[in-house]
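Q: Chains A and B, in that order, give the protein sequences.
Start counting at 1 in the first sequence, then tack on 924, and there's your number in the numbering used here.
Start counting at 1 in the second sequence, then tack on 417, and there's your number in the numbering used here.
Since the hints were derived computationally from the structure, they do not count as laboratory data.
There could be a bad hint or two in this list.
Said to hold, decoys possible - With a straight-line cut-off of 25 Å between C-alpha atoms, the simulated DSS-like cross-links for lysine-lysine are:
hint: 1; chain 1: A; residue 1: Lys1069; chain 2: A; residue 2: Lys995
hint: 2; chain 1: A; residue 1: Lys1089; chain 2: A; residue 2: Lys1069
hint: 3; chain 1: A; residue 1: Lys1069; chain 2: B; residue 2: Lys587
hint: 4; chain 1: A; residue 1: Lys1069; chain 2: A; residue 2: Lys1134
hint: 5; chain 1: A; residue 1: Lys1063; chain 2: A; residue 2: Lys995
hint: 6; chain 1: A; residue 1: Lys1063; chain 2: B; residue 2: Lys564
To be verified - Take a look, some chain B residues computed to stay more than 12 Å from chain A by CB distance:
hint: 7; residue: Asp485
hint: 8; residue: Leu643
hint: 9; residue: Arg757
Stated by the list, open to error - Derived DEER-like restraints, expressed as beta-carbon distance ranges:
hint: 10; chain 1: B; residue 1: Lys527; chain 2: A; residue 2: Arg1158; range: 28 to 36 Å
hint: 11; chain 1: A; residue 1: Asp1040; chain 2: B; residue 2: Asp665; range: 40 to 48 Å
hint: 12; chain 1: A; residue 1: Thr1127; chain 2: B; residue 2: Ala815; range: 19 to 27 Å
hint: 13; chain 1: A; residue 1: Lys1089; chain 2: B; residue 2: Asp573; range: 26 to 34 Å
hint: 14; chain 1: B; residue 1: Glu703; chain 2: A; residue 2: His962; range: 49 to 57 Å
hint: 15; chain 1: B; residue 1: Leu734; chain 2: A; residue 2: Asp1112; range: 56 to 64 Å
hint: 16; chain 1: B; residue 1: Ser730; chain 2: A; residue 2: Gly994; range: 49 to 57 Å
hint: 17; chain 1: A; residue 1: Asp1040; chain 2: B; residue 2: Gln744; range: 37 to 45 Å
hint: 18; chain 1: A; residue 1: Asp1040; chain 2: B; residue 2: Gln820; range: 51 to 59 Å
hint: 19; chain 1: A; residue 1: Lys1089; chain 2: B; residue 2: Pro528; range: 23 to 31 Å
hint: 20; chain 1: A; residue 1: Ala1172; chain 2: B; residue 2: Arg757; range: 28 to 36 Å
hint: 21; chain 1: B; residue 1: Gln846; chain 2: A; residue 2: Asp984; range: 52 to 60 Å
C-beta: ideal position from N, C-alpha, C; glycine also.
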Amino acid sequence: MNQIAENFAQPESMPRHEDRFIASEELARLVLRTAGSHLQLAQDDRPYQWSTTAYCDTYDWSIYHAAEAGKALRLRFREYHRTRPDEAFTSARVWLELKEDTVDMSRKERFEIAGDVVPAFLRGETDLTAGGSAGLGLKAAALVKAGARPVVVTQYNRLAYAAPKDQIRITADHNLIYLAVPWTTNDDDAVPVRIGPILARETDVVIEMKWFGELPSWAEELHGYLRQRAPADRPSKFVVAMRHLLGANKA
Amino acid sequence: MSDLQSGTNVVVVEDDPASADVLQRRLQANGMSVSIGRTGGDGLALIRELHPDLVLLDVGLPDTDGYDVCLQVKSDSATSDIPVIFLSARGDVFDKVRGLSCGASDYLTKPFHPAELLARVDAVLSQTRRVRGPRLAKQPDTTWAGKPTAVVALGDMTRRERAEQILGPKFEVIAAGAEGRAVDLLVVDADATVANQPGNDGPVVLRVASAGAATGADIVPLNDELVRIADLAVRERQLGRDVDAAADALIALATAFESHDRSTAGHSERVASRAVAIAKALGLDEATCQTIRVGALLRDIGNTKLPLGLVRSRNELTGPERKQIEQHPALGQELLTPFRPLARLLPIVRSHHEHLDGSGYPDGLKAPQIPLEVRIVAVADRYEALRIARADRPAMSADAAVQILQQSVQRGELDAAVVAALATSVRGQDRGEATGS
């Protein structure tokens, strides 16, 4: 087995809190102004660059069903571009993210890989655990063995503010689009893959607050304000995208 | 007045009547034709209808925002090449970055000086026109009598004359837009954009390398090689037309067989049209769409080798009868295999009843063994079948049929992206019917 994750980010293996809100443009501006006066612009997210995230699932949709139940390991590939691409896996480097959610906490490991080894990874020819995974790599390998492949894509412009060491991270996602991805093969020439059609667009702004430990008082206040003003307990982008893909919104 | 601006069609999407009026007068005074949309919806409708050279787009609109309109313009392959300039009072840097991230060519903050607006319009138009090639008129039927015809549309006159001289011995060189003349060959600059025509219908397009630039698979040199390459390419296109003619004959046979049964008459044509609509929603190229269309039309040709009474039976099939019917994909493949140029259709004919989870027939293939073209025809076939009334159930509405197919996706039988593309094409058709377009 090859080791694909030659350079990987430090696994964020500590559980962290995460809340999502759907906010109007005006409310989002207020949140960003508040966040901007306490936090720095996140260094790893250039403001308003396009994030393209391809989410994987198995043929029996096991990841989606687990996510609906509130506990799932999500397997996704993320890329960044200055303008919106209409293909996925176009970048030389892609972030492979393993994110495990429980009801109120999440854990994430992130690996930087070459875009053109994605098919080999999906064929199970690579080993994440050798790259230093703190435990999620083995679970991801099981999903790959079960046939996980890209099924939906999200694209959005993100503005992110963060405290040192990402102790708190507040993000606003504009222009969120959910797309299908016709993935039919794990052959090496499967990438790049054209994405679409568009399943749905989010007209409002998705605000996410993520933090380790306790929130400082200003953030506690902001969190409370958001809870009052914006619909909370919003499902993850993956769940929303999958509901659109499978027609599960009508149920 | 700038040459670039003269004859330019502009759509202005601006909700404020006074601002729209000022813009319109200013642009018209510079020789541009201007259409105004007061809302995002109106603007999008105008853009899709007129396919303008440029869109000037306000950010604050009553029904949506300009970012969303820009994203929709740039997401639609029919309009994505139209440049967009944002005009907005929002001058924060993240407003500008957001506008440009949506695919706009420029972002101008209000209030702006008219001269600056016109200069930016000029800059954007000149950049766009560099990459756009000549638009081809609709091609009349090509006849294969005498020399094939060629149009040389190179920007530089010396190069144009050189190309015409090289092509002269084998081609009749005619002027672009010559009335009533079919064009077999179009020679353009390497960076020109030419509207593609489906299948083998349009002329062969050859791109000529600029002086001193490298040639490659798609770029030909401007030397004596040009006439040899052009001759081969035009002959190959003619061969493609002959193959199309053979496919047409087979389609006529399959359609005649189908038309004997009133309940299924026209079904294959509907499946083919639906499959092409799905393929387009997935962004597939014209050649693949053509394969899908012909494959969909011929997918059930194997039925012609089964007993007529069995194929037309309205009764519930017995086990052995079902087994016999399930042979039609293999029989179809057997029938078409001798037509070697149609080999690309065989996977569709053989496998259009396969399921991603292996529960289909005749081979019980699983997902990785089923190509996208086959998945598309399978979904189109199932959808159109649900839309027809049968003895045991009435015809289903479009929405109900899509929901049934989404349930098949959830069971792991059909491709999710293909069914999503079907839903997109059905919604698009509904919108078209609602607006009468």
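Q: Each hint should be assessed against the structure and marked as holding or not.
A: Verification of the supplied hints:
| no. | hint | in the structure |
| --- | --- | --- |
| 1 | A:Lys1069 with A:Lys995 | holds (20 Å) |
| 2 | A:Lys1089 with A:Lys1069 | violated (34 Å) |
| 3 | A:Lys1069 with B:Lys587 | violated (58 Å) |
| 4 | A:Lys1069 with A:Lys1134 | violated (31 Å) |
| 5 | A:Lys1063 with A:Lys995 | holds (13 Å) |
| 6 | A:Lys1063 with B:Lys564 | violated (66 Å) |
| 7 | Asp485 | violated (7 Å) |
| 8 | Leu643 | holds (31 Å) |
| 9 | Arg757 | holds (25 Å) |
| 10 | B:Lys527 with A:Arg1158: 28 to 36 Å | holds (35 Å) |
| 11 | A:Asp1040 with B:Asp665: 40 to 48 Å | holds (41 Å) |
| 12 | A:Thr1127 with B:Ala815: 19 to 27 Å | holds (25 Å) |
| 13 | A:Lys1089 with B:Asp573: 26 to 34 Å | violated (60 Å) |
| 14 | B:Glu703 with A:His962: 49 to 57 Å | holds (54 Å) |
| 15 | B:Leu734 with A:Asp1112: 56 to 64 Å | violated (43 Å) |
| 16 | B:Ser730 with A:Gly994: 49 to 57 Å | holds (50 Å) |
| 17 | A:Asp1040 with B:Gln744: 37 to 45 Å | holds (42 Å) |
| 18 | A:Asp1040 with B:Gln820: 51 to 59 Å | violated (38 Å) |
| 19 | A:Lys1089 with B:Pro528: 23 to 31 Å | violated (45 Å) |
| 20 | A:Ala1172 with B:Arg757: 28 to 36 Å | violated (45 Å) |
| 21 | B:Gln846 with A:Asp984: 52 to 60 Å | violated (32 Å) |
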